[in-house]
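Q: Chains as they are written, first to last, in the numbering used here: chain L, 86 to 256; chain B, 910 to 1261.
None of these hints come from the bench; they were simulated from the model. Quick caveat, the model's predicted, so the values are computed rather than measured. All residues carry an ideal CB built from backbone N, CA and C; glycine is no exception. Hints may be right or wrong, so weigh each one.
One side only, chain B facing chain L, incomplete, derived with CB under 7 Å [said to hold, decoys possible]:
#, residue
1, Ala-937
2, Pro-1042
3, Ser-1089
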Amino acid sequence: MAETRKPVTTIKTPVAIHYNYSIGAGQSAFMRAIREGRILGVRCPDTGKVYVPPRLTSVETASPMTELVELPDRGVVYTYCIVNIKFYDQVLDIPYAYGYIVLDGADSAIMHLIQECPVEEMRPGMRVKAVWKDPKEWTESLENIRYFKPTGEPDLPIEQIMNEIRKKSYA
Amino acid sequence: MREVAIVAFGQTPNRRKELHRNDAEMVAPVVAELLKGAGLSRRDVDFTCSGSSDFLAGYSFSWVMAIDALGAWPPIQESHVEGEAAWALYEAWVKMLFMDEIEVALVYGFGRQSMTSPRDVMVLMNDPYLETPLWPDAISQAALQARALLDAGLCTERDFAEIAVRNLRHAEGNPLAQLSGRPDPDELLKAPTIASPLRKHDCPPITDGACAVLLAAGDRARALCRRPAWIRGLAHRIDVQALGRRDLTHSVSARLAAEAAGAIGTPIDIAELHAPFTPQDWILQRELGIAKRTIVNPSGGIHQGNPMMATGLVRFGEVAARIIRGEADRGVAHATQGPCLQQNMVCVLEAE
């Protein structure tokens, strides 16, 4: 049985599964607020740390967390990544930067785009603020914030960032 | 070999749709109550193992969010099985047999079927090249098995209906049940088929829920629980994946697992069978050698609620809870995953 023809290397099997995801009470509070242009966190009753977005139980102590805290739309970049490769469905021109941003008053970081800053000038400690979409376009989405951009204020010194991070890393 | 027992069990009410809590938020109170009831803090748990499915959850690493809900800081020893949580119990049990440093283990599972179409999600378990493109959904596959049983003259559609009636009657005693009642089998048989020969009563309900089990070894188990449910035997086996290569009227893997667990030919007071469809209940009773005196599915089984990925572990919990409460001395818990009873796990639980 000499099968000399080329092997089949590709077949197409389109698969689509639809989900109606219910995000739960903690994230629902966050989504309702972001729709109004507000950012909510939640405070741990045991440690006083503020988590954003809110969750119902403390990562560290498992205690229920109920005290919602409104946070400003500005903070500090504590680490970042510059995207230099092209991939399927890419929306932005490379290179561009994503960062972990610790909002003022928060103890956990959110991830978002950082723009209006040449990537070679990106650095930890840079102070940034949110650039929002037109309020008419706001929905239940973190994409209501288009990106964060530098405020031009002095950086947080690197030693202070490391101290902050150590303090925040539950140690 | 070390002795390991189930010392506590907890679960959420079985609900058609859990709108207000996500996966992690379903798990957190069940675990908190379980530990509180046992007089333990989360730091007393030496090993944690969970079972769930990202395919069902609709996002990747869904189990990591559930760990967050446990307060897993400082970092804990944990593991996860991507599937039915009974297999997470198996992993924890094996570790406890050989690792003296694990005295107490927490096992939990969760699933929310309401977010999607589970009969379609289950298609993705099949051979991705030859079977999945034909989209054999879970109910249709179970119907193939049911049809094979009928054509072999082994049982009737009325047998299937009577299994549903038995489960729903037992569910009347289960305060967490989603469905219960006393339907007339003749009335049930008048309903149209969903996938012939299966009717609605032959299929599991769609359920959101979570459950958790506490395992403890030796004297620690005796200290935590007046009447622990000792694991006397626990085994799992798997059949080939392709349905076309199996005799669907039998479940060889279920029989082998039952033999290995010591469930065959010994007195069994109660049995909880993880049979998603009524014909599978019939097959399992035969393969596990369930005697007439054994009460099958005292909780109401799958018909009272089917929180997929937790539902097999619920079977363990339901048997253990009855032993702990003194309502039974010896029981069998069964769990399955895969199409048409592909994988089967059998456990013999017993009082001291």
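Q: Confirm or reject each hint.
A: Status of each hint after checking the structure:
| no. | hint | result |
| --- | --- | --- |
| 1 | Ala-937 | holds (5 Å) |
| 2 | Pro-1042 | holds (5 Å) |
| 3 | Ser-1089 | violated (25 Å) |
Violated hints amount to a single one, hint 3; each of the other numbered hints is respected by the structure.
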